[in-house]
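Chemist: Residues per chain are reported as follows:
There are 2 protein chains.
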Amino acid sequence: MAYLARFYDPQDEQLPSLLARNKTDSEALTEQVRSILAAVQEEGDEALFRFAKQFDKASLSELRVSEKEILDAEGRVPDDLKQALAVAYHNIKAFHARQRPGGEQLVVAPGVELSRKIVPIQRVGLYIPGGTAPLFSTTLMLAVPAQVALCPSVVLCTPPDSDGNVHPAILYAASMCGVKEIYKIGGAQAIAAMAYGTPSIEAVDKIFGPGNQYVTEAKIQVSGSCCAIDMPAGPSEVMVLASPASNPSYVASDLLSQAEHGRDSQAMLVVCAEQTQGFAFLDRVEQAMEDQLATLGRQEYLLSSLAGSRAFVHPDLKRCAALANAYAAEHLIINMNDEKTENRVLQWIVNAGSIFLGPYSCESAGDYASGTNHTLPTNGWARSYSGVSTDSFLKKITVQKLSREGLEGLAPTLLVMAQQEKLTAHRNAVAIRLGGER
Amino acid sequence: MAYLARFYDPQDEQLPSLLARNKTDSEALTEQVRSILAAVQEEGDEALFRFAKQFDKASLSELRVSEKEILDAEGRVPDDLKQALAVAYHNIKAFHARQRPGGEQLVVAPGVELSRKIVPIQRVGLYIPGGTAPLFSTTLMLAVPAQVALCPSVVLCTPPDSDGNVHPAILYAASMCGVKEIYKIGGAQAIAAMAYGTPSIEAVDKIFGPGNQYVTEAKIQVSGSCCAIDMPAGPSEVMVLASPASNPSYVASDLLSQAEHGRDSQAMLVVCAEQTQGFAFLDRVEQAMEDQLATLGRQEYLLSSLAGSRAFVHPDLKRCAALANAYAAEHLIINMNDEKTENRVLQWIVNAGSIFLGPYSCESAGDYASGTNHTLPTNGWARSYSGVSTDSFLKKITVQKLSREGLEGLAPTLLVMAQQEKLTAHRNAVAIRLGGER
Chain X
1 MAYLARFYDP QDEQLPSLLA RNKTDSEALT EQVRSILAAV QEEGDEALFR
51 FAKQFDKASL SELRVSEKEI LDAEGRVPDD LKQALAVAYH NIKAFHARQR
101 PGGEQLVVAP GVELSRKIVP IQRVGLYIPG GTAPLFSTTL MLAVPAQVAL
151 CPSVVLCTPP DSDGNVHPAI LYAASMCGVK EIYKIGGAQA IAAMAYGTPS
201 IEAVDKIFGP GNQYVTEAKI QVSGSCCAID MPAGPSEVMV LASPASNPSY
251 VASDLLSQAE HGRDSQAMLV VCAEQTQGFA FLDRVEQAME DQLATLGRQE
301 YLLSSLAGSR AFVHPDLKRC AALANAYAAE HLIINMNDEK TENRVLQWIV
351 NAGSIFLGPY SCESAGDYAS GTNHTLPTNG WARSYSGVST DSFLKKITVQ
401 KLSREGLEGL APTLLVMAQQ EKLTAHRNAV AIRLGGER
Chain W
1 MAYLARFYDP QDEQLPSLLA RNKTDSEALT EQVRSILAAV QEEGDEALFR
51 FAKQFDKASL SELRVSEKEI LDAEGRVPDD LKQALAVAYH NIKAFHARQR
101 PGGEQLVVAP GVELSRKIVP IQRVGLYIPG GTAPLFSTTL MLAVPAQVAL
151 CPSVVLCTPP DSDGNVHPAI LYAASMCGVK EIYKIGGAQA IAAMAYGTPS
201 IEAVDKIFGP GNQYVTEAKI QVSGSCCAID MPAGPSEVMV LASPASNPSY
251 VASDLLSQAE HGRDSQAMLV VCAEQTQGFA FLDRVEQAME DQLATLGRQE
301 YLLSSLAGSR AFVHPDLKRC AALANAYAAE HLIINMNDEK TENRVLQWIV
351 NAGSIFLGPY SCESAGDYAS GTNHTLPTNG WARSYSGVST DSFLKKITVQ
401 KLSREGLEGL APTLLVMAQQ EKLTAHRNAV AIRLGGER
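Residue numbers (the numbering used here), protein chains in the order written: chain X, 1 to 438; chain W, 1 to 438.
In isolation and in its complexed conformation, chain X is listed as follows (with noise of 0.2 Å):
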């Protein structure tokens, strides 16, 4: 079955059409999130009583999750998953530890000291979806760096099951990154309550975390007017770069994993060949494809993705690299079954969020426990966003330090600047310094 349709040799017109995202009609969406923003801004934890009953179907007594909630939740959550968030635990903590950047330090002329003082954001805002699974990964990959970062006050906002509950895979991944503060709240109003701040919930200075259409609108809304965001996210993606030399079952299952996140995912294949041996591997990635489907569920999320999918066959690894820069995908897989091809075009990838290497760097395993960061830019901002790091939750403030001399050493520079560009306030800083006045 053709579950991809082909292009072969696209031409750079064809790119911005071949490439594009699967988009939503927005209008309608701005509207609704700014009036989930207003109400929550005007009313407090009165709106977002009622958000709560209206989107999560949950009559909630208390918007903040209880201590004794949390205590409960590590009876309720399997050994098998409690060693398996051990492990992830550990990887993503290693990985991001070792992104800790140090201050720089230079002393750039005699008495001219300069310094980078590295600190922490002082308040985060975690946003962990809900929906059709727990995302305790996500909780992970939020929660470690801004634990590694030493971010001194973590809050996690999550939507309630209609029973008014937060799953406790979530509350025991949270507890395991030293996360306490936890609300049950989701959607827009999540982001809003953080970004605002109610009577419950105060302010905080950044927010982070994956979303559907209304929590990423409602992160750019409040992004240009009083809190950070970590980026404008959006329906996750792939690519995978192959080869006939590839194995098409492999190629086949990262397509389904990546289709399997939601209806308007996106799977895309750049397959290096001519075009007779490009799109007879093509097939068999197809019927390995259709092979992996009958095992699956989620089948109406899969087929709905798919039909937004894509193949490109092209003989030129170089412009296979160009196709993978020009659309910029979130997850880059380089799977060409030989070492050398893929380390050539690691080499020109210059926009991708995350890239896998080889044959057996599935997405999974980025996903969820390798130790790098599955938060990352979508929709092609890998073109100007890095995916979250330990950075993501860091500030970098300059430092200066001028004794007299260095002043003085500088002062000939500064006057005839400040001169040239009319701004004799800033000359006057630097010249009653020097002449001694009192």
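Hint data in this document are derived by calculation from the structure and do not stem from the laboratory. Do not rely on the hints blindly, as some may be mistaken.
Claimed, not checked - If you want the ones that stay clear, here's a sample from chain X, every Cβ over 10 Å from chain W, calculated: (1) 38; (2) 75; (3) 260; (4) 317.
Unchecked claim - On the chain X side, residues computed to face chain W include the following (Cβ under 7 Å): (5) 118; (6) 122; (7) 350; (8) 361; (9) 369; (10) 397; (11) 420.
All of these numbers come straight from a predicted model, not from anything done at the bench. Heads up, the beta-carbon is just placed ideally off N, CA and C, and yes, glycines get one too.
Model the placement of chain W on the given structure of chain X, informed by the hints.
Modeler: This is chain W only, laid out in the frame that chain X set:
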């Protein structure tokens, strides 16, 4: 004369209003900017020529600055300014080169190799405001880190004067940094041109630079849809932490040098002292301000800004630092005339864009030539944002490479987590690689 409204021992509940920035009403602004963005998106270059005529009073025949104009600029920059720019360039480059991150590598488990690949953002846009002074300093502050980061494509936009020219010092500073693609476009329309692209200008991946409220609003609007920005910047501001032992002339000169930036700049002062002593010191500062004001230009800006300035007095050093953290100043000058005290305060500061330590570290030094970047978070964004640095022009792409052994080691963890998150295709992507199917 009383330039600074005085507050002794301000209480927590007063801080939101006492530390508030000068707000501008933004409803009309939002719509006006939206229509400018839409015009550029729909009409392309034609809209840019029209806006140049309308806003800059310039009849342009070409949007792009010619090679000849760039070459001619060199002859029109005075030698003393060339020398000053050379010193500034050297210092800024040295400090920003020091900021280049290495890409970490970590073998987190046998056969599980993780790393980060550092890549420059491929095409960046720098905005240099026009207005009353030629901002060659801002040109260096944006173009030097782009050069240090090795961004392959750098474009600069700045409004022309009414003769259709760009100030030669801006062209010369851009040339120093290897920037050759320069356009005579200002305001919100410049942001639109860089974000969307037009027939003359290829779209960029990220936009940097300060600007008036139209530019800032335009940056915020495009940042939600298609183009990253450095930060949502607003009017410039300073907070000075002083003690009665500080030199009141220095303090006065720093407040004034901030106040001359624009009509809506803000200059705040915190004095660590008992009320009587503190107010006596404020008298001396205000006397010095009066003396200095008489010698300065830009009186209109100075007086307008000072109307929104405030002075706080508190005897407790820790409380003074807390006020600085609550304000989260773009520029924080710690000038207590006692090195030990200054260092203690420095340790407590967690929210600031850039810190100036000691009596000789005037803001002018960092504005121009010490080497730190002067593009900094304003309006309280220092709670979550760092200033522009080499990092701002780089991306960090995570890379993972698993061997078969590596995947086997991780598999139990991955299978349990995928199972519990009910993602069967994620599970399958692991299982199929280890089952040996083809």
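Chemist: Could you check the structure against the hints above and give me the numbers of any it violates, in ascending order?
Modeler: 3, 5
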